[in-house]
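Asker: With chain A's structure known, arrange chain B on it following the hints.
The chain contents come next:
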Amino acid sequence: MPVYDSRRAAGQRDAGLRRVGRITWRAAAAGLAAAAVAALAFAQHATAGASTPGTSTPGTSTPATSTPGTSTPGTSTHRSRHKHASIVIPARPPQPAAGSGSGQVTSGGS
Amino acid sequence: MTANAITEDSFEVWGTTAVLLVTSPLAAVPARRLAEHVLADVDLACSRFRPDSELTRLNEAGGEPMMISATFADLLSAALRAARLTGGDVDPTCGQALAGLGYDRDFAELRAGGATPLRLAGPAGAVPGWRRVRLDNGARRVRLEHGAQLDLGATAKAWAADTCAEQIARRTGCGVLVSLGGDVAVAGTPPPEGWQIRVADDHAAPPDAPGQTVTITSGGLATSSTTVRAWTVAGRPVHHIIDPATGEPASSCWRTVSVAAGTCTDANTASTAAIIRSAAAPAWLRDMGLPARLVRHDGTVETTAGWPGDEPGGGA
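Respectively, the protein sequence lines represent chains A and B. Counting from 1, position 95 in the first sequence corresponds to residue 95 in the working numbering; the numbering is continuous, with no gaps. Take the position in the second sequence, starting the count at 1, then add 110; the result is the number in the working numbering.
Bound-form chain A, shown alone (with noise of 0.2 Å):
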């Protein structure tokens, strides 16, 4: 006849809860790495369709670096002065002439 040992079956209680715990716990770490990939994700696709004219419609404009060739040389060095997100500000900001000298050009109106 069986006999119901108490200690055995806590001993077992115990250890599945400990499992359950363990596959939770990797359930959410996964979880987790998965929404950090999709956010990751969505930030690059978010930046790559900055250049979208205010569309969610796929394969509007993307940015100018993504253009393949051209026929003007030099220019996928140009496009890379383009790819910011923001307007660039210059690297040092205008300084006073010191004087008149040659090579003057004047920015104005055209």
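Bear in mind the hints are in silico, worked out from the structure with no lab data behind them. These figures come from a predicted structure and were not determined experimentally. Keep in mind that a hint or two might mislead.
If you only want the chain B side, here are some residues facing chain A, beta carbon under 8 Å, derived [stated by the list, open to error]:
no., residue
1, Leu136
2, Leu195
3, His256
4, Gly291
5, Gly292
6, Ala315
7, Arg339
8, Thr342
9, Val343
10, Ser361
11, Cys363
12, Thr379
13, Gly399
14, Gly416
15, Pro418
Ideal Cβ placement from N, Cα and C applies to all residues, glycine included.
Answerer: Frame of chain A; chain B shown alone:
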């Protein structure tokens, strides 16, 4: 190297003056050749006054998609980027608004009185908006929705200056300044004293005209003004900087705005937007850290973000 080593070349293009400065005399000839090549490319891509330009054909495509060149794709990207970065203040879909003011032909012809304005009275209304431009840059395909008509005047000249400067510097290995009607881009190693630029209302102003002389060593500097490309429609003075919200010439408290930025395209984007933003412009420019010089209609000057103060007696 001294300033005397700088070699200057200038020629007429797009109804204005192009100036090339290079730090080596040996670079002058290749610099001119490269610049002419780029400018011809840009003209064929986006001139509003050439029936064979891609822009004209797109404006006449009736909303149908069109395959475009890499150059036109880059120019459109630059224009859409300017629109996005300014919250739509610098909008490429103002072609119809400009044509409605008679600016549907070369400006010299317009100023001579050769234009027939399509719209003489009544409000123009907001322009269609840059979101109506559907550009697939990877496939080089574009479509205009809702009758949008493009004009890339706010960015194309500055983009061309950037491209010329970058190509010349890389091909010749010398320092270069390219000015296209006052849109200035520099690249390569600058002269020790920097590139000297006079800022004034008019790029064709003589050196002693009111203004200020500054130096830059990289990037670009551009000036937008309501005083130069201006004409009259039925007795009403108008200019070429369109406020997209109204479709009319911007009513600004500034007559001229000069901005320095990382590129000439960005500088011109900011200076054009500043004219349109009017009184809100200085705070906007300061928030972005963009050095700028803003001139009111009475000639008083406001500066932002490290732009040097005017020299005594320099005037505006």
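Asker: Can you give the numbers of the hints that this structure goes against, from lowest to highest?
Answerer: 1, 3, 8, 9, 10 and 11
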